[in-house]
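Asker: The chain contents come next:
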Amino acid sequence: MLHKVNTQTKIQSINEFVIKFANVNGSGSASANALFAKTVLRMGVVATPRNIFPSNIQGLPTWYEVRVSEAGHLAARGDTCDLMVAMNPQTWEQDIRSIEPGGYLFYDNTRHVAADQFRNDITVIGVPLTQMSNDAYENPRQRQLFKNIIGLGALAALLGLDTKAIEDLFTEQFKGKEKLVAANVQALHMGFDWVKTHLDDPVHIKVKAANTVGDRIFVDGNTAASLGAVYGGATVCAWYPITPSSSLAEGFANYCAKLRVDKETDRNKFAIVQTEDELASIGMVIGAAWNGARAFTATSGPGISLMQEFIGLAYFAEIPAVIFDVQRAGPSTGMPTRTQQSDIMTCAYASHGDTKHVLLIPEDPYECFEFGALAFDLADRLQTPVFVMLDLEIGMNERLSKPFQWDDSRNLDRGKIMTEEDLEAGNKFGRYLDVDGDGIPFRTYPGTHPSKGAFFTRGTSKDSMARYSEEGKDYQENMERLLKKHDTARHLVPAAIEKRAEKPTRFGVIYYGSTSPAMDEACQLLAQSGIHVDLLRVRAFPFGDEVKAFIADHEKTFVLEQNREGQLRSLLINELEINPAILVKIVHFDGAPITVGFVTDVISHKISSLQGA
Amino acid sequence: MTFMAKPKFHHPQLQKNALGYTRRDYEGPVSTLCAGCGHDSISAAIIRAVYELDLPPHRIAKLSGIGCSSKTPTYFLGASHGFNSVHGRMPSVLTGANLANKDLIYLGISGDGDSASIGLGQFAHSVRRGVNMVYIVANNGVYGLTKGQFSATSDKGAKSKRGALNKDEAIDLVGMALQLGATFVGRSFSGDKDQLVPLIKAALNHKGAAFIDCLSPCVAFNNHDGSTKSFDYIREHNEALNSLDFITGRQEITVEYKPGTVETVTQHDGSRLRLRKIADDYDVHDRIAALSYMQQRAAHGEIVTGLLYVDPEPQDLHAHLNTIEQPLNSLGTHALVPGQTALDKINAAFR
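Protein chains in written order, with this note's numbering: chain R, 1 to 613; chain E, 1001 to 1351.
Check before you lean on any hint, since a few could be wrong.
[As the list claims (entries may be wrong)] Here are the computed lysine-lysine pairs in the DSS-like style, where the Cα-Cα straight-line distance is at most 27 angstroms:
hint, chain 1, residue 1, chain 2, residue 2
1, E, K1193, E, K1016
2, E, K1193, R, K269
3, R, K428, E, K1006
4, R, K164, E, K1016
5, E, K1345, R, K258
6, E, K1345, R, K402
7, E, K1016, R, K452
8, E, K1345, R, K177
9, E, K1345, R, K269
10, R, K484, R, K503
11, E, K1193, R, K473
12, R, K175, E, K1193
13, E, K1006, R, K452
14, E, K1167, E, K1147
15, E, K1345, R, K263
16, R, K263, R, K10
What the hints contain is simulated information worked out from the structure, not anything from laboratory work.
Can you make the complete structure from the sequences, with help from the hints?
Answerer: Okay, here's the thing in structure tokens:
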């Protein structure tokens, strides 16, 4: 079936478009969708996929959106797509609506769809996928799975995908299972040949081999962070399953199985415990770190809420702990499979009483790896919890990223540890003595020395020799020292990165984490229309001096984030004593990935209204 | 005053153990618990057990939660690292510590509020994981630090000091420990040193999850008429109770008294306690029989004490996790960080 539209209105594009797959979850579509994105990448064209999925295993709508961009843009473009692969009758209407005028609809026309169910300003391509699959396969599961591959073959023919690249991917995926490879190749060509035989090149958006991918890798942030934990020397992982963080702990288990099994004894240089709840997870992390192992947990907002009391203990008793928070939409259960940056405030000030914590905020898988490893050095150096703030968008979507790098001369920084030799040499040990003036005391591991260096760790107040004390002076000195330590952290965490506009401007934008590709592209688009903004990507809390300087340097600074309250803005106002009037809140918090369209529109609108005022 | 150091001087003739330590070397600062508190007797029993076992004090890590019981680690083993964590969460902290260094001995001290109420989940899960530890609950059936509320081990029908009647069923930690796979389970009394010290010694020698429910009277809030956990009377009659002779890791206990003897202890406030020593036909290696026996005797209002169950071949969490012999906390950069060559291969797999 091919609806006639004026060919003049058809979208024409090579290597710059958005394709969206609408599926039912549990239908096996995910692997075929991933093959699509990887094929484009293998053709040397940048492709960035995003999974939009429900908190459900089978039967509910799910989408897979791929931004194809030879120019290298990684962000979600906007709310529309150029080609919709509509495989889910449940969402048919909204899927049809989201196609750009002049765009394309690809669907399975095995079952008749009434003419009034289409739009007349799009090109409709019907392919009898189910029919072909049912004719070729007996087994219901095979019919389902191969239908997806037949569809991929049809798309390959329509868009000009390199079928050889897809076949190579089959070979890699089903290594050693030649029968499976052959069956997939057959299904692929079934779809491909059908299009070539029955249709006359109806789609005018194409993928053409290019060379824009380079040596970049295609990986998700959770996997990258788990690898960071391996390189950061983590040996203990205690975790409780929660979307969207589970794949981080599972990734750690996978890498440990490959990289951390002692070859001689076949025994593990790691311990991973799936706990009964998040309280036990953080409790084990704290116990292990107290005892000198590098330990972490991975969780999301609800887990952070549960861990609050323990986080306060680690802060006050000064025990390292690394917590990966893969943020999702809150509050409460919120939207478990949707992305947000809404735990910034709760992590920065986690637990009751006066507390302040170190946050590292990666923008992509490369930084997930880098900060994932760094977090362990910082936690040991500062003897305090360190949060790595991912979000679902970074954590669960594969995207192009610089290849991981490691400096082989780098040693794990275990911080200030007093050893048996130090104690034997007569070095004075007071667990909470600020001997170096940086607020960081020395610690001993349990079991170090028969008669020296033992101390009692507690969540109650104590003096500098770790003796229980309710003296106001002891308490206050300790709390002041903790503040000094937090200030020391400012110089150890990754600095914010500034990008100056081509022309001088009164306006700055502060942003962080997964907002970065949308912001980068929006900045280019705004500049093309004569709007210039300086950018500052914050990568950590506490804030370095460069953050305050950037704000001071601009008349207005927009703070762009993915939560309702403008949490980072509040943190900036509170910690740097900034006049709230000069920090303009811009928020995007519907749970969908932030788009270039949103950022461009909102900043140009804000600036024009400010200039008009 | 919040901290009281003990005077350092002591009798020059104090007996030394095989390591050359006196019993004083295993003590801590002065206890701030109420005079006569059962918990102090448990501390003393721990000191004696560790001294007599010739254990180097710094090779023990003592961990606790929150409450009167959890304060006690301050008062024993002053040369050991201690960790007073958060309420009900000692088991997870201990588990983590154990994962980091399997070579230390882990002594977890908790109370009935800490383990049977807020920490019931962590108690259960640490036991079922088989963490190599000695987990002692100083059980007095009452919240002491908050002044006398019922705890979850208070017996149904017990009266509080203020006269309130407990209508909730009691949680039986021994029954749970047996059911959840603890490989060493005992119950004892803070006042019965002869029984408690050998039991602790045996537990310290056990390479798996060892649990001891130690009834320990609260002299301030649960020592009155109508209480089922007031033990002044038992302390007064301690010599009348059976005690364990000597236990090593895998040896069954030896009982001084005739097997099957039941003692009914009527306390000065009128409450009664019946104690049953382990019968000669009682098999300490039969978990199911132990559970059944405990419940049968409990139905008769008796409390069975002693070593209740021991698995002579326990497997601990490290065995389940197949960790290397060397403690994880001793591994350095070379052992842990795979380096750029491995990373190149990983990068290649993502292209």
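Asker: Does each hint fit the structure? Answer for all of them.
Answerer: Taking the hints in turn, this is what the structure says about them:
1. E:K1193 with E:K1016: Satisfied, since the Cα-Cα distance of roughly 20 angstroms is no more than 27 angstroms.
2. E:K1193 with R:K269: Between K1193 of chain E and K269 of chain R the Cα gap is close to 41 angstroms, so the pair fails against 27 angstroms, i.e. violated.
3. R:K428 with E:K1006: Roughly 21 angstroms between the alpha carbons, so the hint for K428 of chain R and K1006 of chain E holds.
4. R:K164 with E:K1016: This hinted pair is violated, its Cα atoms lying about 81 angstroms apart.
5. E:K1345 with R:K258: holds (12 angstroms)
6. E:K1345 with R:K402: holds (14 angstroms)
7. E:K1016 with R:K452: holds (19 angstroms)
8. E:K1345 with R:K177: The given pair, whose Cα atoms are some 23 angstroms apart, holds under the 27 angstroms limit.
9. E:K1345 with R:K269: The given pair, whose Cα atoms are some 21 angstroms apart, holds under the 27 angstroms limit.
10. R:K484 with R:K503: Violated, at roughly 39 angstroms.
11. E:K1193 with R:K473: violated (41 angstroms)
12. R:K175 with E:K1193: Not satisfied, since the Cα-Cα distance of roughly 66 angstroms exceeds 27 angstroms.
13. E:K1006 with R:K452: holds (17 angstroms)
14. E:K1167 with E:K1147: holds (19 angstroms)
15. E:K1345 with R:K263: holds (19 angstroms)
16. R:K263 with R:K10: Given that 27 angstroms is the threshold and the Cα spacing comes to 60 angstroms, the pair is violated.
When held up to the earlier numbered hints, the structure conflicts with 2, 4, 10, 11, 12, 16 and fits the remainder.
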